Amino acid sequence: MKTVEDHYKTLAPKLTNWLVATGSSYAESCDIVQDTFVKIWNMRDSLQDDDEAVSGLVFTIARNLRKNLVRDNNRLVLQDEIGEDEAGATPKSAPTTSDDKEYLRRKITEAFAKLPPILREAYTLFQIAEMPIHQISIQIGVSENLVKVRIFRAKEKLKELLSDVRKDFQ
Amino acid sequence: MDINLNNIRTNSTMAANTIQASTLVDKAKETNLASYDLTISLTEAAIEDIKAAGLPEDAFKRDDELGKLISGAFSLPAPPFPTVE
Chain W
1 MKTVEDHYKT
11 LAPKLTNWLV
21 ATGSSYAESC
31 DIVQDTFVKI
41 WNMRDSLQDD
51 DEAVSGLVFT
61 IARNLRKNLV
71 RDNNRLVLQD
81 EIGEDEAGAT
91 PKSAPTTSDD
101 KEYLRRKITE
111 AFAKLPPILR
121 EAYTLFQIAE
131 MPIHQISIQI
141 GVSENLVKVR
151 IFRAKEKLKE
161 LLSDVRKDFQ
Chain H
1 MDINLNNIRT
11 NSTMAANTIQ
21 ASTLVDKAKE
31 TNLASYDLTI
41 SLTEAAIEDI
51 KAAGLPEDAF
61 KRDDELGKLI
71 SGAFSLPAPP
81 FPTVE
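Protein chains in written order, with my numbering: chain W, 1 to 170; chain H, 1 to 85.
There could be a bad hint or two in this list.
Only some residues are given here: those of chain H computed to face chain W with a beta carbon under 7 Å [claimed, not checked]: (1) G54; (2) L55; (3) A59; (4) K61; (5) R62; (6) L66; (7) I70; (8) A73; (9) F74; (10) L76; (11) A78; (12) P79; (13) F81; (14) P82; (15) V84.
Hints listed in this document are in silico derivations from the structure and should not be mistaken for laboratory results.
Note that the coordinates shown come from a computational prediction; the quantities given were computed from them, not determined experimentally.
For glycine and all other residues, C-beta sits at the position ideal for the given N, C-alpha and C.
Chain H with its partners taken away, still in its complex shape (with noise of 0.2 Å):
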């Protein structure tokens, strides 16, 4: 099987978008890439590429249940403003 870079690197969304993509690249990354008789040769940014644009859309919200608790938590007052001249 062969897959070439450029295509995955400009087409990061749509590949993403079949997760098949991103999975076959972890399953690369896990085990040996020759074994798989895949001839790529992924930079670290193409993966996260298509890793990213495969993340669910609320993976980003700051109010979701984990973000509240977190929020909540770290509500410390800040100190006055300084004295300046």
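Chain W with its partners taken away, still in its complex shape (with noise of 0.2 Å):
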């Protein structure tokens, strides 16, 4: 049986990338992680031998906590609901390689808050949180085939939202 280190080792970096790019700044997305697995450490002794099912907890958890740390600091964003404005703020003290992949990561959090919400929800989880299409479905609580469609439309509207920027990054 996995340990929660091991757990950590695999989905802290998804849950990370997740977090940031649907509206959390660096900062605040590494406070989630770790009060996230601090959560999951508590219940260690009650985890399913299932990967996907501690992954869909943790998940469950970041979010829950994130709603929470909005409603305590009456902020107006949610995941589901990313300002225009905020959208491309930079993460805070986010390490970056190159001014190039910063400008890409706002570029591309702008193009997620304009896609819907469902679209949004689905893509990242699928191509940030790397999540199987079969383990979005019981997260989001939608069909599988609903899923399928969510992300197709999501990634056809990426395609014209970032139709410049892949120009440049080629």
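Can you join these two chains into the complex? Each is in its own frame, and there are hints to help.
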């Protein structure tokens, strides 16, 4: 059976990047990831020996922690309601390997913000959190086919929204 | 033209392979169903089944051009494992 640390190594990078991609700052994302795994640690004796179940639990806890954080900070930005002005904000203190990467991340986050929330949720869980489609289906409570349709639509829309950026980075 | 919901639902893959069903559903949704003389009552789930089955197989690759661009941009490191007692 995997330890909590094993799960952390696999899931923490995905969760951190998913949180940043869906509107949180890097610093905030790191806090949420750590708080999530403190909770997972406290539940370690009752964790199922099932990677997908643990992954689903981790993302659910993280989403709830973020909702609480947003509510406590009296902020208007929720994961499903990223304001366009907020979406372009560069995550504060995020380590970057280059200005290009930071620019690219900002452009992609702006594009995500322009997607309908249901498309953004399905696509970011698929591409950034690297969840299998059936797991996304469970996570967001819709059929696998509906998840597929949402991912497909999100990709088509993102191709349009990022057409200039895609040329620059080819 | 009559379309049986159960047939579409159970044969969604076959129907979608022809693409015609999906197109028909789109048309019916865009316009007034009655004007097409369609006696259909497709649920949203049935429509999505048809569309999903008709999607290209490579639509769900994470390593296509767009996927690589996005994954490359979001490769921030995770924080260290929290200190727990």
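Status of each hint after checking the structure:
At a threshold of 7 Å, the smallest CB-CB gap from G54(H) to chain W is about 10 Å, leaving the interface hint violated. The restraint placing L55(H) at the interface with chain W holds, with a minimum CB-CB distance near 5 Å, inside the 7 Å limit. A hinted interface residue such as A59(H) counts as satisfied when its beta carbon comes closer than 7 Å to some beta carbon of chain W; here the least separation is about 5 Å, so the hint holds. Evaluation of the K61(H) hint against chain W yields a violated restraint, the C-beta minimum of about 10 Å exceeding 7 Å.
With 7 Å as the threshold, the beta carbon of R62(H) comes within range of chain W, its nearest partner Cβ sitting at about 6 Å, so the hint holds. Below 7 Å, beta-carbon pairs count as interface contacts, and L66(H) has one with chain W at about 6 Å; its hint therefore holds. The interface hint given for I70(H) is met, as the beta carbon of that residue sits about 6 Å from the closest beta carbon of chain W, less than 7 Å. At its closest, the beta carbon of A73(H) sits 4 Å from a beta carbon of chain W; the interface hint therefore holds under the 7 Å criterion.
The interface hint given for F74(H) holds, since its Cβ lies 4 Å from the closest Cβ of chain W, which is under the 7 Å cut-off. Here the hint on L76(H) is kept, as its CB sits about 5 Å from the closest CB of chain W, short of 7 Å. A cut of 7 Å between beta carbons decides the hint on A78(H): the least distance to chain W is about 4 Å, and the hint holds. Here the hint on P79(H) is kept, as its CB sits about 4 Å from the closest CB of chain W, short of 7 Å.
Taking 7 Å as the C-beta cut-off, the interface hint given for F81(H) holds, the closest approach to chain W being about 5 Å. At a threshold of 7 Å, the smallest CB-CB gap from P82(H) to chain W is about 4 Å, leaving the interface hint in force. The interface hint given for V84(H) is met, as the beta carbon of that residue sits about 5 Å from the closest beta carbon of chain W, less than 7 Å.
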